[in-house]
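There are 2 protein chains.
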Amino acid sequence: MPKKLVILGSGHMASSLGHSLYTQGHRIVQVFSRTPGNAQVLADKLESKAISKIQELELEADVYILCIKDDAISGFSKMLTKVLPNDIIICHTSGVNKPELINEYFINRSLFYPLQSFNKDITPDWEIIPVFIEGNSSTTTMLNELASSISPRVLVMTDQIRTHLHLASVFANNFTNYNLVIAKLILDKADVPFDVIRGLMIETVNKAFSLEPHQTQTGPAKRGDSSTIEKHIRLLVAEFPEYRSLYKKYSQIIRQTYMHENSRSNPSSSSTD
Amino acid sequence: MPKKLVILGSGHMASSLGHSLYTQGHRIVQVFSRTPGNAQVLADKLESKAISKIQELELEADVYILCIKDDAISGFSKMLTKVLPNDIIICHTSGVNKPELINEYFINRSLFYPLQSFNKDITPDWEIIPVFIEGNSSTTTMLNELASSISPRVLVMTDQIRTHLHLASVFANNFTNYNLVIAKLILDKADVPFDVIRGLMIETVNKAFSLEPHQTQTGPAKRGDSSTIEKHIRLLVAEFPEYRSLYKKYSQIIRQTYMHENSRSNPSSSSTD
Numbered sequence: 257m258p259k260k261l262v263i264l265g266s267g268h269m270a271s272s273l274g275h276s277l278y279t280q281g282h283r284i285v286q287v288f289s290r291t292p293g294n295a296q297v298l299a300d301k302l303e304s305k306a307i308s309k310i311q312e313l314e315l316e317a318d319v320y321i322l323c324i325k326d327d328a329i330s331g332f333s334k335m336l337t338k339v340l341p342n343d344i345i346i347c348h349t350s351g352v353n354k355p356e357l358i359n360e361y362f363i364n365r366s367l368f369y370p371l372q373s374f375n376k377d378i379t380p381d382w383e384i385i386p387v388f389i390e391g392n393s394s395t396t397t398m399l400n401e402l403a404s405s406i407s408p409r410v411l412v413m414t415d416q417i418r419t420h421l422h423l424a425s426v427f428a429n430n431f432t433n434y435n436l437v438i439a440k441l442i443l444d445k446a447d448v449p450f451d452v453i454r455g456l457m458i459e460t461v462n463k464a465f466s467l468e469p470h471q472t473q474t475g476p477a478k479r480g481d482s483s484t485i486e487k488h489i490r491l492l493v494a495e496f497p498e499y500r501s502l503y504k505k506y507s508q509i510i511r512q513t514y515m516h517e518n519s520r521s522n523p524s525s526s527s528t529d
Numbered sequence: 257m258p259k260k261l262v263i264l265g266s267g268h269m270a271s272s273l274g275h276s277l278y279t280q281g282h283r284i285v286q287v288f289s290r291t292p293g294n295a296q297v298l299a300d301k302l303e304s305k306a307i308s309k310i311q312e313l314e315l316e317a318d319v320y321i322l323c324i325k326d327d328a329i330s331g332f333s334k335m336l337t338k339v340l341p342n343d344i345i346i347c348h349t350s351g352v353n354k355p356e357l358i359n360e361y362f363i364n365r366s367l368f369y370p371l372q373s374f375n376k377d378i379t380p381d382w383e384i385i386p387v388f389i390e391g392n393s394s395t396t397t398m399l400n401e402l403a404s405s406i407s408p409r410v411l412v413m414t415d416q417i418r419t420h421l422h423l424a425s426v427f428a429n430n431f432t433n434y435n436l437v438i439a440k441l442i443l444d445k446a447d448v449p450f451d452v453i454r455g456l457m458i459e460t461v462n463k464a465f466s467l468e469p470h471q472t473q474t475g476p477a478k479r480g481d482s483s484t485i486e487k488h489i490r491l492l493v494a495e496f497p498e499y500r501s502l503y504k505k506y507s508q509i510i511r512q513t514y515m516h517e518n519s520r521s522n523p524s525s526s527s528t529d
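If you read the sequences in order, they're chains S and U.
Plus 256 on top of the position in the first sequence (first one is 1) and you've got the numbering used here.
Plus 256 on top of the position in the second sequence (first one is 1) and you've got the numbering used here.
For reference, chain S alone in the conformation it holds in the complex (with noise of 0.2 Å):
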């Protein structure tokens, strides 16, 4: 059934999430943000109401979203006390941050958090975008219908979901911008572009999620080829001494990983090992 939403925030969450919520028939009926014009901008797209006082706020909706910062859900929240009921459904979109983050004036305080890192101008594939859900039973029917309706993929967050996740979101996405950072600064100086290696990050990811990442595993580490890496090490060394360590600590740690496979089978080769 469609729901009557208010979206507080104009930023790439608040764009992305509402014109999916606008695409699936809700009815997005006001948006706020501080800046008058970017809550235009945003409620022209999803045929909505701009509004950039909170006092202009509905008090009727069936789901207030909050897109806005990290570290601005506790006070704005508070702000909210003085003009919204203490029943509405509100919940904030930082999978990092319990629903606890929003002021305790409201009993169905949540959290509605699709896993992706959005972009204005980008249009997000939902199909492959999971969305988590946290809060009282009554407001997790409801978050629940309003998930279900804009991605295949819902699931309940709670606070072990929560630590595990951002940890495994860190090593996953945070450092392997790292490695692409790393891996732009070495093509540089050889004069290679960086987007040489765009085809091959693609189809690392694509084999690590539709076969099993321990086994799409390759590499000099891996293989036990220890002249490959001491080469490495030298070029590190010569032109980049900050990453020789962290080149040294992750090769330990793959050979440790694969060190008794390697005896039990033959080297495997690849064009990329």
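Check the hints yourself; a few may be wrong.
Where chains are identical, the list cannot tell them apart; a pair therefore holds if satisfied intra-copy or between any two copies.
[Claimed, not checked] In silico BS3-like pairs for lysine-lysine, Cα to Cα no more than 30 Å straight-line:
#, residue 1, residue 2
1, 325, 445
2, 325, 463
3, 376, 504
4, 354, 445
5, 325, 505
6, 445, 463
7, 259, 504
8, 301, 487
9, 463, 504
10, 504, 325
11, 463, 505
12, 445, 259
13, 325, 301
14, 338, 445
15, 334, 463
16, 305, 487
17, 334, 376
18, 334, 445
19, 463, 376
By construction, these hints were calculated from the structure, which means they are not laboratory data.
Assemble the complex: chain S is given as a structure, and chain U must be docked to it using the hints.
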């Protein structure tokens, strides 16, 4: 102009490269494999002739392409000296090895290296696969023509590029795959399906290449968010102690890189931070 080619090997590289060359109108006159069945399967796909004895090799092809394991190139090319003229154009397809890995009898030994990790069952997108070539000048003229027919991106390989490219690939691909190994372990522990982060990984790679990885870095280490880092380290110590030092090393290096930038501007926030 269509070329007359012999492919030696029948694995993933032979199959993907052979198919692409065949599709572009080249004639694959022979497919060699020691295992007659394997040669036949690929030969059938390429309207070619399967052979499993080097004595049957055609003597007048334009290019002989070795698609075999790195550690077999030296020995196998030595055997070929008994049956092939020394002035044929013969190349291997291993990016990490010099053309000189082929026996010195062959004066036109060379490299033809499509930078991708191929799989027989997946049709690769040649629009994003660069081909590196290396050899003497008359050889590279021929190889350049061949490479240009299958890829929009042909680059000349040198010793300087070879090591830098390999080192960059180790960071970008091998270490990223291992980050996914770690991420999966962490998610498994919290009973969260690994593929909830698939969309985020795809987006991470897309962003890093459409912008610049230095700009697309996010996360607690970049923001200097030491309370989150402490929380992650406590979780690692308790459940995944073997990855604690890798996490710390990364966080230090990222912190170092972005320290000055953070002091000039506000930390940015996103759903994946």
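Copy assignment of residue 463 with residue 376, given that the CA separation must stay at most 30 Å: Answer is both: 28 Å inside a copy and 13 Å across each meet the 30 Å cutoff.
Status of residue 445 relative to residue 354 across identical chains (alpha carbons, at most 30 Å): Answer is between; shortest inter-copy Cα gap is 20 Å, intra-copy 44 Å.
Evaluate residue 504 and residue 325 at a C-alpha cut-off of 30 Å and name the case that applies: within, between, both or neither. Between copies only: 26 Å across, 37 Å inside.
Please work out whether the CA atoms of residue 338 and residue 445 approach to 30 Å or closer within one copy, between two copies, in both situations, or in neither? neither (58 Å within a copy, 42 Å between copies)
I want to check one pair: residue 334 and residue 445. Are their C-alpha atoms no more than 30 Å apart within a copy, between two copies, both, or neither? Neither: 52 Å inside a copy, 36 Å across copies.
Given identical chains, is residue 325 near residue 301, meaning Cα to Cα at most 30 Å, within a copy, between copies, both, or neither? within (22 Å within a copy, 56 Å between copies)
How would you classify residue 325 and residue 445 at a CA-CA limit of 30 Å: within, between, both, or neither? Result: close only across copies, 29 Å inter versus 37 Å intra.
Intra- versus inter-copy proximity for residue 505 and residue 325 (alpha-carbon distance at most 30 Å): between (35 Å within a copy, 28 Å between copies)
Please sort residue 334 with residue 376 into within, between, both or neither, judging by C-alpha distance up to 30 Å. Cα proximity of residue 334 and residue 376: one copy only (28 Å, versus 58 Å across).
Measure nothing new, just compare the shortest in-copy and cross-copy C-alpha distances for residue 305 and residue 487 to 30 Å and report within, between, both or neither. neither (62 Å within a copy, 41 Å between copies)
Can you tell me if residue 445 and residue 463 fall within 30 Å by alpha carbon in one copy, between copies, both or neither? both (29 Å within a copy, 22 Å between copies)
Alpha-carbon proximity context of residue 325 and residue 463, limit 30 Å: between (34 Å within a copy, 21 Å between copies)
Going down the numbered hints, you'll see the structure goes against 3, 7, 8, 12, 14, 15, 16, 18, while the others check out.
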